[in-house]
Amino acid sequence: MFLAWNEIKKNKLRFSLIIGVLMLVSYLVFFLSGLATGLASLNRESVDKWDATAIILSEESDKSLPQSSITTDEVDHIDGKETAILAQLNAIATNGDTKQNISLFGIDKEERIMPKVTEGKEFSKENEVIASDALKEEGFAIGDKLELSSSDEKLTIVGFTNSARFNGAPVLYSELSTFQHVKFGEAAEANGDKINGIVVYGENVSSISTSNEDLEVIEIETFIENLPGYTEQALTLNFMIYFLFGISSVIVAIFLYVLTVQKISMFGVMKAQGISNGYLSRSVIAQTFLLAFIGVTVGFVLTLTTGTFLPSAVPVAFDIPTMIFYGVVLTVVAILGAVFSVLTIVRIDPLKAIGG
Amino acid sequence: MAILELKKVKKTFGSGHKQVDALKETNFTADIGELIAVIGPSGSGKSTFLTIAGGLQNPTSGDIFINEQNLSDFNEKKRSKIRLKEIGFILQASNLVPFLTVDNQMKLLDNVKKDNMSKAELEKLYDDLGIRDLRKKYPADLSGGERQRVAIAKALYSKPSILLADEPTASLDSDRAYEVMELLRKETKSNKTTTIVVTHDVRLIEYCDKVYKMTDGVLKLEEKQAVLEKKSS
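The listed protein sequences derive, respectively, from chains A and B. According to this note's numbering, the first sequence is numbered sequentially starting from 1. According to this note's numbering, the second sequence is numbered sequentially starting from 1001.
These are computed hints drawn from the structure, not numbers from a lab. We put the beta carbon where it would ideally sit given N, CA and C, even for glycine. Worth double-checking, as some hints may not be accurate.
Claimed, not checked - Okay, the calculated beta carbon distance ranges per label pair:
#1 A:Tyr242 with B:Lys1119: 49 to 59 Å
#2 B:Pro1098 with A:Val339: 45 to 55 Å
#3 A:Leu310 with B:Ala1140: 40 to 50 Å
#4 A:Asp349 with B:Asp1063: 17 to 27 Å
#5 A:Thr305 with B:Asp1127: 21 to 31 Å
#6 B:Gly1014 with A:Leu336: 35 to 45 Å
#7 B:Glu1068 with A:Ser276: 22 to 32 Å
#8 B:Pro1098 with A:Val250: 44 to 54 Å
When you get a sec, could you build the whole thing from the sequences and use the hints?
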């Protein structure tokens, strides 16, 4: 550390450039991770809010909630587990001023799936809904009368709940009977028992079963992965992040290799004096750690600072543990990049280096 | 008592008709407290002798003993430890680390080796070499002569058993060169170090106990007085 730190102190500009590059790479990684988390939240946050173990859908729906159609009677075929019925449809809602894609959930407010109201009150009458607070940011307010694209029914927002988006759309929660009126209109009575799925709470997915062979028990994480576009989106962003790890390692490797080559004579003299390969290698590793740590830390702070200035329309959510993990990975790959320099040092012949 | 001994040491480069005998069969002994000069023209094999004696390269044949340890028995890692413990180098190329101040050059050695000079001893060494005011400076801020004096201080700081100096006064003016030789002599005697100075400057041999002459890879002990008389004539 002694050699490493003194060299950085003496050559501030040179090492500032390396730190700057590492900072920019980490800034990009953190930002992409924020984007990945934010976009994932758009898709899954209402599902996470269920805090459930599995969901039961019809087998032919191919794990898609909107495509699944079952009846409330199926709850009787699930033994001993806490359940919650769920009906769902996608629509466009307008309050007269603003139009917004929404996902309408029909639930039983007495069941665990009922979200906690953060503003306003729970629905208690027909055609009352509580809405995702994402709608509040779009200009919707308590008391707004909503018209839905697929229905003549008018819904009234009586409360808001947080973290409630499904597959990118803010969720409106209503009583199942309200949902049936929206979906089936005058045929609501006849279709009163039609729902899309049953959310199940249990210790683990293997403990959940149904006696109806036409139904499928799907673990929640599997259900999320099968949301349209979710996996593709996550894979794309994660691929970019992993690619940046590689780039970061190569950048550090090139920088340090060039610096090491410039110092071959100096290292040779030090080796002639008996300073070991181990000491010199540790010095290079320590220097890389310092550079990466400073670069990543500055990138981390810069990312969070930038985040505070971003408009809410940008789907970025910074998950601090994930960012810390990526910061550690960036530091580790930077150190891996220094291995080339270490090998160069080990191969230096002190005799040649001192011109003997 | 011999601190450094070369027995039947040879060094050849290349093979066949391209073979060059850089060092012909050489026997050499240096005792504790001796200051020895190795003189000779450029390309005569002086540096090859010095680097073999310092364990920086292996001889083609023969054995090198430092403090009765045969270097041929050791791998590079072990030889590196012996160099750190037993040998101080003053090289033609500056042996200073460019991004360390004079003081930190010494601290670097504290990081890799114990039993270096005490603070008081270092202060005295700085005074003896006239570099006390340079302690906060970097090598790039020093003149050639100042750099060489710092390099000598660095070599002496680790209290080596053997000091190997390759043209240690090359970049110094005459007065400073004599001062440095006087200092090397003093350190050699007071610390019971063995110093071998490779030089083409015959004027410096009057400070030495023994003089060897290297001619075309052959190392031969010379009469010091005879060499000095030959030079003055």
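**OP:** Would you pick out the hints that fail for this structure and give their numbers low to high?
**Re:** 2, 5, 8
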